[in-house]
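Here are the chains, one letter per residue:
Protein chains: 2
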Amino acid sequence: MTMTAPDITKRTSIGAQRNPASEDAILTAAAEILREGGLSAFSIEAVARRAKAGKPTIYRWWPSKAALLLDVYHRQKGETFYADTGNTREDLIVFLETLLGFWKTSAGEVFRSIIAEAQSDPAALEALRDYAVTRCRASGVILERGVARGDIRSGLDIPLVMELFSSFCWQRLLTGRLNPSRDQIAHIVDAVLTGFATTGRDAQ
Amino acid sequence: MTMTAPDITKRTSIGAQRNPASEDAILTAAAEILREGGLSAFSIEAVARRAKAGKPTIYRWWPSKAALLLDVYHRQKGETFYADTGNTREDLIVFLETLLGFWKTSAGEVFRSIIAEAQSDPAALEALRDYAVTRCRASGVILERGVARGDIRSGLDIPLVMELFSSFCWQRLLTGRLNPSRDQIAHIVDAVLTGFATTGRDAQ
Numbered sequence: 001m002t003m004t005a006p007d008i009t010k011r012t013s014i015g016a017q018r019n020p021a022s023e024d025a026i027l028t029a030a031a032e033i034l035r036e037g038g039l040s041a042f043s044i045e046a047v048a049r050r051a052k053a054g055k056p057t058i059y060r061w062w063p064s065k066a067a068l069l070l071d072v073y074h075r076q077k078g079e080t081f082y083a084d085t086g087n088t089r090e091d092l093i094v095f096l097e098t099l100l101g102f103w104k105t106s107a108g109e110v111f112r113s114i115i116a117e118a119q120s121d122p123a124a125l126e127a128l129r130d131y132a133v134t135r136c137r138a139s140g141v142i143l144e145r146g147v148a149r150g151d152i153r154s155g156l157d158i159p160l161v162m163e164l165f166s167s168f169c170w171q172r173l174l175t176g177r178l179n180p181s182r183d184q185i186a187h188i189v190d191a192v193l194t195g196f197a198t199t200g201r202d203a204q
Numbered sequence: 001m002t003m004t005a006p007d008i009t010k011r012t013s014i015g016a017q018r019n020p021a022s023e024d025a026i027l028t029a030a031a032e033i034l035r036e037g038g039l040s041a042f043s044i045e046a047v048a049r050r051a052k053a054g055k056p057t058i059y060r061w062w063p064s065k066a067a068l069l070l071d072v073y074h075r076q077k078g079e080t081f082y083a084d085t086g087n088t089r090e091d092l093i094v095f096l097e098t099l100l101g102f103w104k105t106s107a108g109e110v111f112r113s114i115i116a117e118a119q120s121d122p123a124a125l126e127a128l129r130d131y132a133v134t135r136c137r138a139s140g141v142i143l144e145r146g147v148a149r150g151d152i153r154s155g156l157d158i159p160l161v162m163e164l165f166s167s168f169c170w171q172r173l174l175t176g177r178l179n180p181s182r183d184q185i186a187h188i189v190d191a192v193l194t195g196f197a198t199t200g201r202d203a204q
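Which chain is which? The protein sequence lines are L and H, in order.
Take the first sequence: its position 139, counting from 1, is numbered 139 in full-length UniProt numbering, and each next residue is one higher.
Take the second sequence: its position 105, counting from 1, is numbered 105 in full-length UniProt numbering, and each next residue is one higher.
It cannot be assumed that every hint is accurate.
[Claimed, not checked] Residues from chain L shown here face chain H by an in silico Cβ test under 8 Å; the list is partial:
{"#": "1", "residue": "Val110"}
{"#": "2", "residue": "Ala116"}
{"#": "3", "residue": "Ala118"}
{"#": "4", "residue": "Leu125"}
{"#": "5", "residue": "Arg129"}
{"#": "6", "residue": "Ile152"}
{"#": "7", "residue": "Asp157"}
{"#": "8", "residue": "Leu160"}
{"#": "9", "residue": "Gln171"}
{"#": "10", "residue": "Arg177"}
{"#": "11", "residue": "Ser181"}
{"#": "12", "residue": "Ile188"}
{"#": "13", "residue": "Val192"}
{"#": "14", "residue": "Phe196"}
{"#": "15", "residue": "Ala197"}
{"#": "16", "residue": "Thr198"}
[To be verified] No more than 20 Å apart at the CA atoms, straight line, and that leaves these computed lysine to any residue pairs for SDA-like:
{"#": "17", "chain 1": "H", "residue 1": "Lys52", "chain 2": "H", "residue 2": "Lys77"}
{"#": "18", "chain 1": "H", "residue 1": "Lys55", "chain 2": "H", "residue 2": "Gln17"}
{"#": "19", "chain 1": "L", "residue 1": "Lys104", "chain 2": "H", "residue 2": "Arg129"}
{"#": "20", "chain 1": "H", "residue 1": "Lys104", "chain 2": "L", "residue 2": "Glu126"}
{"#": "21", "chain 1": "H", "residue 1": "Lys104", "chain 2": "L", "residue 2": "Ser120"}
{"#": "22", "chain 1": "L", "residue 1": "Lys55", "chain 2": "L", "residue 2": "Pro20"}
{"#": "23", "chain 1": "H", "residue 1": "Lys104", "chain 2": "L", "residue 2": "Arg129"}
{"#": "24", "chain 1": "L", "residue 1": "Lys104", "chain 2": "H", "residue 2": "Asp121"}
{"#": "25", "chain 1": "L", "residue 1": "Lys104", "chain 2": "H", "residue 2": "Lys55"}
Hints in this document: simulated from the structure, not taken from any laboratory.
All figures in this text were calculated on a predicted structure; none of them were measured in a lab.
C-beta atoms are modelled at their ideal positions from N, C-alpha and C, and glycine is treated no differently.
Use the sequences and the hints to build the structure in full.
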């Protein structure tokens, strides 16, 4: 079983060119603050102080606290999200289990707090929207591999249908129900792969 | 085309027996406060004053502000959510379009604020969780009718797979993307009815 590293390509809405060394120092400082003091300790000011960076530099690269927090959050993700097992059904199950499992750690608290903040802060909403769109495109690799192998039909709007899986996880996170059984996860994946209709595509 | 009224059965977690006339007065007062003053004006205290009800009565029937707000929110829903067109594909499209459309009104602001509050308030989280579970069961009527007609296969865990549709709408609400096109909505419904796999259920 081989792993595919998550896509950490920067979002296109962040226009300013970043200096890799400074970017790394800032993200490392931000992660340390979050680990040591939690969300309440996290601010652009605190990150600037610890990274010995100017606040304007941080704001040039991350237009909001939420945007920076999302990058820190994303860095905590391991490399197992888009596991390539050679089987789409298994890849989708691993994806759902890995995401739900990740959110049982402190990362879940961080992500739900960003979602909450986005409901009253337009800058956070923009960062969250960019992130969600980027992630649905990235996770689409699971179905793209299936199409290439011939076990997923072509013609699907892959980022759009991948939203169904990530959204399911979001709702579970936001309602505190991160423990669906492996059977329930497999049921969802099988239902979607097989189709709900009695006669498959002829039902259309 | 006939309509099915949304299920407004009270959630089982609310144990105390309610007096229908008082309940109606409280919900009506709460809706008026929300309409006139918005979310910032909404409090149990304000509702009690306007409904000439005791705060203990309100708290006996609604254990949190979020629980009361969810009931007020739910009452604003029309009767078109679970339209019975005689065709499961069409019913699902109508469901998604109606929910996304409903959230373009002030109801969307109310619902996303409840979700945000639930991320830091355990009582709000409990109310939201109860509501989400109840709604997924209620919307399952769409697929149950399909099973009865023979166009949806039996053996699906209907509330579980209905979560895919409601979750999709939640993510769209929470990221400010309530305007998928009719084509995109139809694509999602067709993808799920038909299945993603090339060979339908034989792929399992």
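Each hint, compared with the structure:
A least Cβ separation of about 11 Å between L:Val110 and chain H goes past the 8 Å threshold, and the interface hint is therefore violated. The beta carbon of L:Ala116 comes within 4 Å of a beta carbon in chain H, closer than 8 Å, and the hint placing it at the interface holds. Annotation: interface hint on L:Ala118 holds; nearest CB of chain H at approximately 7 Å, less than 8 Å. For L:Leu125, the interface hint holds, since its Cβ comes within 8 Å of a Cβ in chain H; the closest pair sits about 5 Å apart.
Annotation: interface hint on L:Arg129 holds; nearest CB of chain H at approximately 4 Å, less than 8 Å. Below 8 Å, beta-carbon pairs count as interface contacts, and L:Ile152 has one with chain H at about 5 Å; its hint therefore holds. The restraint placing L:Asp157 at the interface with chain H holds, with a minimum CB-CB distance near 5 Å, inside the 8 Å limit. At a threshold of 8 Å, the smallest CB-CB gap from L:Leu160 to chain H is about 6 Å, leaving the interface hint in force.
A hinted interface residue such as L:Gln171 counts as satisfied when its beta carbon comes closer than 8 Å to some beta carbon of chain H; here the least separation is about 4 Å, so the hint holds. Below 8 Å, beta-carbon pairs count as interface contacts, and L:Arg177 has one with chain H at about 7 Å; its hint therefore holds. Hint status for L:Ser181: violated, given a least beta-carbon distance of 10 Å to chain H, over 8 Å. Interface restraint check: L:Ile188 against chain H, minimum CB-CB distance 6 Å, threshold 8 Å, status holds.
With a least beta-carbon distance of about 6 Å to chain H, the hint placing L:Val192 at the interface is held under the 8 Å criterion. Given hint, L:Phe196 at the interface with chain H, holds; its Cβ is 5 Å from that chain's nearest Cβ, closer than 8 Å. Evaluation of the L:Ala197 hint against chain H yields a held restraint, the C-beta minimum of about 4 Å falling below 8 Å. The beta carbon of L:Thr198 comes within 5 Å of a beta carbon in chain H, closer than 8 Å, and the hint placing it at the interface holds.
Distance check on the hinted pair: H:Lys52 and H:Lys77 sit about 25 Å apart at the alpha-carbon level, beyond 20 Å; violated. Taken as a hint, the H:Lys55 and H:Gln17 pair is honoured in the structure, with Cα atoms around 16 Å apart against an allowance of 20 Å. Only pairs whose Cα atoms come within 20 Å are accepted, and L:Lys104 paired with H:Arg129 is accepted, the gap being roughly 17 Å. With a CA separation close to 18 Å, the supplied pair H:Lys104 and L:Glu126 stays within the 20 Å bound.
Between H:Lys104 and L:Ser120 the CA atoms are separated by roughly 16 Å; this keeps the pair inside 20 Å, and the hint holds. Among the hinted pairs, L:Lys55 with L:Pro20 is consistent with the structure: their alpha-carbon atoms are about 17 Å apart, no more than 20 Å. Of the pairs offered as hints, the one joining H:Lys104 and L:Arg129 holds, with about 17 Å between alpha carbons and a cut-off of 20 Å not exceeded. Under the criterion of a C-alpha separation no larger than 20 Å, the hint pairing L:Lys104 with H:Asp121 is consistent with the structure, at around 18 Å.
Of the pairs offered as hints, the one joining L:Lys104 and H:Lys55 is violated, with about 36 Å between alpha carbons and a cut-off of 20 Å exceeded.
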